[in-house]
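Participant: Chain order of the listed sequences is A and B.
Per full-length UniProt numbering, the first sequence starts with residue 1, numbered consecutively.
Per full-length UniProt numbering, the second sequence starts with residue 1, numbered consecutively.
Please keep in mind that the hints were generated in silico from the structure rather than gathered at the bench.
Please note that a few of the clues may not be correct.
[To be verified] Pair ranges (Cβ atoms, derived): (1) B:K165 <-> A:I38: 33 to 41 Å; (2) A:E121 <-> B:S59: 44 to 52 Å; (3) B:S50 <-> A:E325: 41 to 49 Å; (4) A:E30 <-> B:Q104: 53 to 61 Å.
[Claimed, not checked] If you only want the chain A side, here are some residues facing chain B, beta carbon under 8 Å, derived: (5) L161; (6) T164; (7) T165; (8) A243; (9) P246; (10) A396; (11) L418; (12) Q419; (13) Q421; (14) D423; (15) L425; (16) N426.
All values derive from a computational prediction rather than experimental measurement.
The beta carbon of each residue, even a glycine, is placed where N, CA and C say it ideally should be.
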Amino acid sequence: MEDELRALQESIEGLKRSLPVSDHHDSISEMQQRVGRIMSLVKSSGGRRSKVKELSAEVVDSNPYSRLMALQRMGIVENYERIRNFSVAIVGIGGVGSVAAEMLTRCGIGRLLLYDYDTVELANMNRLFFRPDQVGMTKTDAAVQTLSDINPDVVLESYSLNITTVKGFDTFIESLKRRKPEEDGRSSGVDLVLSCVDNYEARMVVNQACNELNQAWMESGVSEDAVSGHIQLLVPGETACFACAPPLVVASGVDERTLKREGVCAASLPTTMGVVAGLLVQNALKYLLKFGQVSPYLGYNSLKDYFPTMEMKPNPQCSNSACLERQKEYIQAKPARDALAKAKLEAESSSQTECPLHMDNEWNISVVDDSEAETSDHSRKPYALPEGLVRELPNADKYQEPPVSGGITAINDDLEELQRQLDALNSS
Amino acid sequence: MEGWDTSTKSALTKIPLLTTRAGPRDGAAWTQRLKEEYRALIAYTSMNKSNDNDWFRISAANPEGTRWEGTCWYVHNLRRYEFQLQFDIPVTYPATAPEIELPQLDGKTHKMYRGGKICLTVHFKPLWAKNCPRFGIAHALCLGLAPWLAAEVPILVDSGMVKHKDDEATSAES
Numbered sequence: 001m002e003d004e005l006r007a008l009q010e011s012i013e014g015l016k017r018s019l020p021v022s023d024h025h026d027s028i029s030e031m032q033q034r035v036g037r038i039m040s041l042v043k044s045s046g047g048r049r050s051k052v053k054e055l056s057a058e059v060v061d062s063n064p065y066s067r068l069m070a071l072q073r074m075g076i077v078e079n080y081e082r083i084r085n086f087s088v089a090i091v092g093i094g095g096v097g098s099v100a101a102e103m104l105t106r107c108g109i110g111r112l113l114l115y116d117y118d119t120v121e122l123a124n125m126n127r128l129f130f131r132p133d134q135v136g137m138t139k140t141d142a143a144v145q146t147l148s149d150i151n152p153d154v155v156l157e158s159y160s161l162n163i164t165t166v167k168g169f170d171t172f173i174e175s176l177k178r179r180k181p182e183e184d185g186r187s188s189g190v191d192l193v194l195s196c197v198d199n200y201e202a203r204m205v206v207n208q209a210c211n212e213l214n215q216a217w218m219e220s221g222v223s224e225d226a227v228s229g230h231i232q233l234l235v236p237g238e239t240a241c242f243a244c245a246p247p248l249v250v251a252s253g254v255d256e257r258t259l260k261r262e263g264v265c266a267a268s269l270p271t272t273m274g275v276v277a278g279l280l281v282q283n284a285l286k287y288l289l290k291f292g293q294v295s296p297y298l299g300y301n302s303l304k305d306y307f308p309t310m311e312m313k314p315n316p317q318c319s320n321s322a323c324l325e326r327q328k329e330y331i332q333a334k335p336a337r338d339a340l341a342k343a344k345l346e347a348e349s350s351s352q353t354e355c356p357l358h359m360d361n362e363w364n365i366s367v368v369d370d371s372e373a374e375t376s377d378h379s380r381k382p383y384a385l386p387e388g389l390v391r392e393l394p395n396a397d398k399y400q401e402p403p404v405s406g407g408i409t410a411i412n413d414d415l416e417e418l419q420r421q422l423d424a425l426n427s428s
Numbered sequence: 001m002e003g004w005d006t007s008t009k010s011a012l013t014k015i016p017l018l019t020t021r022a023g024p025r026d027g028a029a030w031t032q033r034l035k036e037e038y039r040a041l042i043a044y045t046s047m048n049k050s051n052d053n054d055w056f057r058i059s060a061a062n063p064e065g066t067r068w069e070g071t072c073w074y075v076h077n078l079r080r081y082e083f084q085l086q087f088d089i090p091v092t093y094p095a096t097a098p099e100i101e102l103p104q105l106d107g108k109t110h111k112m113y114r115g116g117k118i119c120l121t122v123h124f125k126p127l128w129a130k131n132c133p134r135f136g137i138a139h140a141l142c143l144g145l146a147p148w149l150a151a152e153v154p155i156l157v158d159s160g161m162v163k164h165k166d167d168e169a170t171s172a173e174s
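Please work from the sequences and hints to get the whole structure.
Facilitator: As structure tokens, then:
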């Protein structure tokens, strides 16, 4: 484009010289100026920066990481540069996922894996990130286009597939497992999975994959009425998995009966989605870079500006078998975990001079760990939720004898025979 | 189950319940589940036929039984409207219900998600969650698709969004 314009500039110059000085002279000069302006415009828009080798903390206008590296100088993050070693998978590149992807890209994350099966539509333009000229592109490709322009240092992988189908799920699992050769010894090729999907089915699929891979993940959601949302950290075996209990939603805080529920076209606001994406990525950064307190569950009710938090223990009767396996492993690893915590505590306190609190213990009084008592509490009151949170779906009923006479008999029939019976019914 | 009509309720009680909690990635257990699915579908289809209420055809489109295709129809003002019907068995089945699709109606009603997936959120999903793993494909058709067709087809026809195939042929000729 630049060469073409230069050639045009030269031919205009030639034309100007070949013509005798006349009235046209001024308009030709004007044309030359216009071409010059277009040329400078083209030059500025093509200004992609080159990749950087190391994150520099140098405070100059041309350093894209100076403000991030300042987090170290201010003592918030111990080692910000570690961010380049992290891989994050984002499932669902919609109103929340795309913004989360942009935030992580601007933070200089090492690798981003993006999953979505949808294409960009004009109806998405009330949300952030996607542009009208990207309508018709797959969301993952459009995201890669924008993100690679913003930060060429980030390795981007785009997966346009539906993870809920058997085939899509296999690809999903394989892509999560794939790791760079230098990262051997990890259960999965990613450090964190962010679920930014808009339906229960897809969340259950992410839950299944992460339970099988023993992969920590964070779930996010915005309500269909666009006024509330939540984020949740799920560590297989350690915290409740998504199938342990019916999903929580933030109550709208207004009388439920006044809410119109006709039609399913969900409402959405760029504000709520932006807030939830911000909460999600903030929690992800705290988790990855180990600073502050990582929230196990954080709700957001925008009508009342209320942010409920809570913690959820795994359900020992969870219907997900991979979750039960992770729970068993977590319990088995408890002595090692305790030893580690004790060693850490001792290392910290060894500098201080120690003396027993009480020399004698006539009544054998001992201090019991609070967390032990909590586990038994959990099974007694499974429905104790903080104010402002409700369950989205009911619990599965305990199995009762079916009302049908004859009950359940073991089916010994051949599968093909059953297929034939149905085909016969279908064709009659 | 309050709020459901008596004929749906009585049909539901006659569809055999399923017992095996298995999805398409569970090998032999899935085969067992598939047998139960067939048994329930056979019972439901023959019941519909004997009650003169036949309204769908469905069969597995692959040997693994993870993809199902067929047709369903609804009679409105004495005319029959027929639609293609399809769905995949999700990897997390039966914890999550199949997402029933009517691809021909995609974009014609807002009570539908992308790709022609009918909206089941309010009237069906809570029932499925409550009855997991006893409900199967037959129950999803009976409690998910049938009420959706009954509610949506009259609106789609009356608003002119869906035309009877005879009318379509004449308008194409003229």
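Participant: Next, verify each hint and record whether it holds.
Facilitator: Comparing the hints with the structure gives:
Distance hint check: the CB atoms of B:K165 and A:I38 are about 56 Å apart, inconsistent with the given range 33 to 41 Å. For A:E121 paired with B:S59, a C-beta distance near 33 Å fails the hint of 44 to 52 Å. Judged by the Cβ atoms, the range 41 to 49 Å given for B:S50 and A:E325 holds: they are separated by roughly 46 Å. Distance hint check: the CB atoms of A:E30 and B:Q104 are about 58 Å apart, consistent with the given range 53 to 61 Å.
Hint status for A:L161 relative to chain B: violated, with the closest Cβ pair at about 13 Å, above 8 Å. Here the hint on A:T164 is kept, as its CB sits about 5 Å from the closest CB of chain B, short of 8 Å. A hinted interface residue such as A:T165 counts as satisfied when its beta carbon comes closer than 8 Å to some beta carbon of chain B; here the least separation is about 5 Å, so the hint holds. A cut of 8 Å between beta carbons decides the hint on A:A243: the least distance to chain B is about 6 Å, and the hint holds.
Interface hint at A:P246: satisfied, since its Cβ lies 7 Å from the closest Cβ of chain B, which is below the 8 Å cut-off. A least Cβ separation of about 5 Å between A:A396 and chain B falls short of the 8 Å threshold, and the interface hint therefore holds. Because the smallest distance between the Cβ of A:L418 and any Cβ of chain B comes to about 4 Å, under 8 Å, the interface hint for this residue holds. The beta carbon of A:Q419 comes within 7 Å of a beta carbon in chain B, closer than 8 Å, and the hint placing it at the interface holds.
The restraint placing A:Q421 at the interface with chain B holds, with a minimum CB-CB distance near 5 Å, inside the 8 Å limit. A least Cβ separation of about 6 Å between A:D423 and chain B falls short of the 8 Å threshold, and the interface hint therefore holds. Taking 8 Å as the C-beta cut-off, the interface hint given for A:L425 holds, the closest approach to chain B being about 5 Å. Interface hint status for A:N426: upheld, as the beta-carbon distance to the closest one in chain B is roughly 5 Å, under 8 Å.
Hint violations for this structure: numbers 1, 2 and 5, all remaining hints satisfied.
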